Amino acid sequence: MFSFLLTSVRKDLARWRQDKTALLIWLGIPFLIGGLITSMIDGGDGTPTGTLLIADQDDSLLSGFVVGAYSQDQLGDLIVVEKVSVEEGEARINDGDASGFLTIPAGFQDAFLKETPVTLTLKTNPAQTILPGIIEDATEILLDLGFYAQRLLGPEIQQIQDSSSNGLTDDVFVSGISVDIQNKINKVGPKLSPPLLDVVIVEPPPAEPQPDIALLFLPGIILMAVLFSSNSLAADYWAEREKGTLRRLASAPGVLSGFVAGKAVAALAVIGFIAAITLVVGFVYHDVAWNKFVPSLLWVSFGGVGLFAWFAALQMMFPNNRAANLVTTILLFPLMMAGGSFFPLAALPEWIAGIGRLSPNGFIVDRLSGELGAASAWSIDARSWLTLLSITLSGLAISTWRLRSGFARK
Amino acid sequence: MLIVEGLVKQYGDFTAVDDVSFEAGEGIIFGLLGPNGAGKSTAINCISGLLAPTTGRIAVSGHDIVKDGKAARRSLGVVPQEIALYEDLPAIDNLRYWGMAYGLRGKTLEDRVSDVLGHIGLADRAKDLPKEFSGGMKRRLNFGCGVVHKPKVLLLDEPTVGVDPQSRARLFDLVEAERDAGACVLYTTHYMEEAERLCDSLAIIDRGKIIAKGTVAELKSQLGARDALQLSGNFPVDATKSAIASLSSSITDLEILSQDEDTLMLTLSLASQHLPGIFDAISGAGGSVSETSLRSPNLETLFLLLTGKELRQ
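Protein chains in written order, with the working numbering: chain A, 871 to 1280; chain B, 85 to 397.
Okay, chain A solo, but in the shape it has when bound (with noise of 0.2 Å):
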């Protein structure tokens, strides 16, 4: 019986290898979700960031403060800051290219420094809600502090703007006026920054570390395309059926077991084979820890030989090749749905998880999460395990039992 087994091993290898389009829907289908869902919750910090167009028509000393306040701290975070002409401003915010345009026009500083009336010109993005906002808040907010700034420290920014146009800027009056600029602050500081309220930081207690929202993914991703494998594998018994290879099998004697053993060590090298790449590709991109990979991999090609076990015993159960196909092809979505495939099992409400736990391939799932997840490697108990081998071996005890009770003979 082993030499068949081996050579019924080597014929549906030879045969499935040759629809190489089978392969790549099996990988492709998840690789595309799994890419979609990877790059929705890895695309970004979360953060928007806006475009603020300005024409510095002034071009002096304090509208380049102005251009440069932008840029600082958190506000940097949330702005970039570009320098353009008038036009180029007006032709990019009339298209939508920015969430703002801000126009310092000439004689900004002058006006300024005199008192008098001056207006610089923002026009924000309609199609924008929350950056053009912070735009404007921040703009009121830097003319607020341009006044103040203007009461306090006037003569010492208009000496600083004599002194740069003169060309008279050297040590000794650098020096000066910052001890100037250094008395004022230090005699209205307690003034302006009254100690009203005495804060208190209080150290957050360590956070619990988070699991990577990605990963938790993974699994049911992985699962996908066993799935998808394991449920067309198992339609090749309706096939041999259909090309009469099976009626003319059961006509020789006491092969079918072989049969049987054979289609599954077939499918164990198939299904390892889709798993091992797609594992390879979560380890890599979530930098999972290599020696879990040889338990992952054992674990998913085992389950999906038990997946494709189950198929085969539940296709041959069906009158017609078209209602086998269409009752587990319809069975797969559910499957998919609550086995963590869609949605991690983790992220799901426990009631729900835990029926998602019960279904099989959601049973391969939660083990394989709690391996990647694990602190070790060869986190599945043996209790899974044996569930396991279980599942398979009765799958394949049916598969077995419905080929011998007639469906090999029609």
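In short, the hints are calculated from the structure, not lab data. Computed from a predicted model, the values in this text were never measured in an experiment. Quick reminder that beta carbons are idealized off the backbone N, C-alpha and C, glycines included. Please note that the accuracy of each hint is not assured.
Facing chain B, a subset of chain A residues (Cβ under 7 Å, in silico) [as the list claims (entries may be wrong)]:
1. Phe874
2. Thr877
3. Lys881
4. Arg885
5. Ala892
6. Asn1056
7. Lys1057
8. Thr1115
9. Ala1122
10. Gly1124
11. Val1125
12. Ser1260
13. Gly1276
14. Arg1279
Straight-line Cα separation of at most 20 Å, DMTMM-like style, residue types lysine to aspartate or glutamate; simulated pairs [as the list claims (entries may be wrong)]:
15. A:Lys890 - B:Asp257
16. B:Lys222 - B:Asp257
17. B:Lys215 - B:Asp177
18. A:Lys1113 - B:Asp177
19. A:Lys1113 - B:Asp208
20. B:Lys211 - A:Asp889
21. B:Lys222 - A:Glu1112
22. B:Lys293 - B:Glu166
23. B:Lys215 - A:Glu1112
24. B:Lys215 - A:Asp1106
25. B:Lys215 - A:Asp889
26. A:Lys1280 - B:Glu166
27. A:Lys1113 - B:Asp172
28. A:Lys984 - A:Asp929
29. B:Lys297 - B:Glu89
30. A:Lys1113 - B:Glu216
31. A:Lys890 - B:Asp172
32. B:Lys236 - B:Glu171
33. A:Lys1113 - B:Glu166
34. A:Lys1113 - B:Asp284
35. B:Lys211 - B:Glu171
Assemble chain B onto chain A, guided by the hints.
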């Protein structure tokens, strides 16, 4: 080598095979001749162990197919009516696979596969996929897969259905070669010419029952030297019957095989000499003849004589 005794296969109230018995020995081609739906395939499925007989006994090389099925199947080779091949597996691998299914291993297997490839004329296409073969080549490979393990009893279920004349002749040669090598061949067909050409002895089956059995010569002798005369035209049923009966005094072995308003089938000796008298009698009965067909005695005539209908109806 192959013994079938009182074989009955029922599906509910319908009896597909009804008390069929025959024996076939070594180096014999035994034919099972009958129209479509006569029960030939059901009988062969019972013999190959695919169907359990309702009653009766089948022994293959001394092994009961029900009680000792595994041993019986080891001696059996089956060439199904449909082409049952792995079309996406090279021809040589198909032969190896079926050889291994019947227990061949190692050098014995390789030697036998090589022999069969030569025998079926596919040695130069051994590594090609059957899906690239012509229909005749697939038929030959289908045959090769059934004989690769040198079965003592070979079951051929209408192996020439849909086969072109050239491939059919080649298949006949293959079947005869198996017979000459000592196999017992059970050959089912609804082609009378095939049965006459190939079979050493045969049974004619209709509606599940064997209605005649023997060698081709023995079966033909049941007809004597009578010809089969088929007339087309207009034949008032009762008047024509009376007119033909009135001729019986002058034509001693004249017999009506079948009759309806459009067709009249007669059997008689030296039919060509009696045609004017027969035409006159029909004319006198108010009928007319538009077409005449005269056949020498053959198995088809015998089937007509026995069942009143044509073999291919």
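- Task: If any of the earlier hints don't hold here, list their numbers in rising order.
- Result: 5, 6, 7, 12, 13, 15, 19, 22, 32, 34
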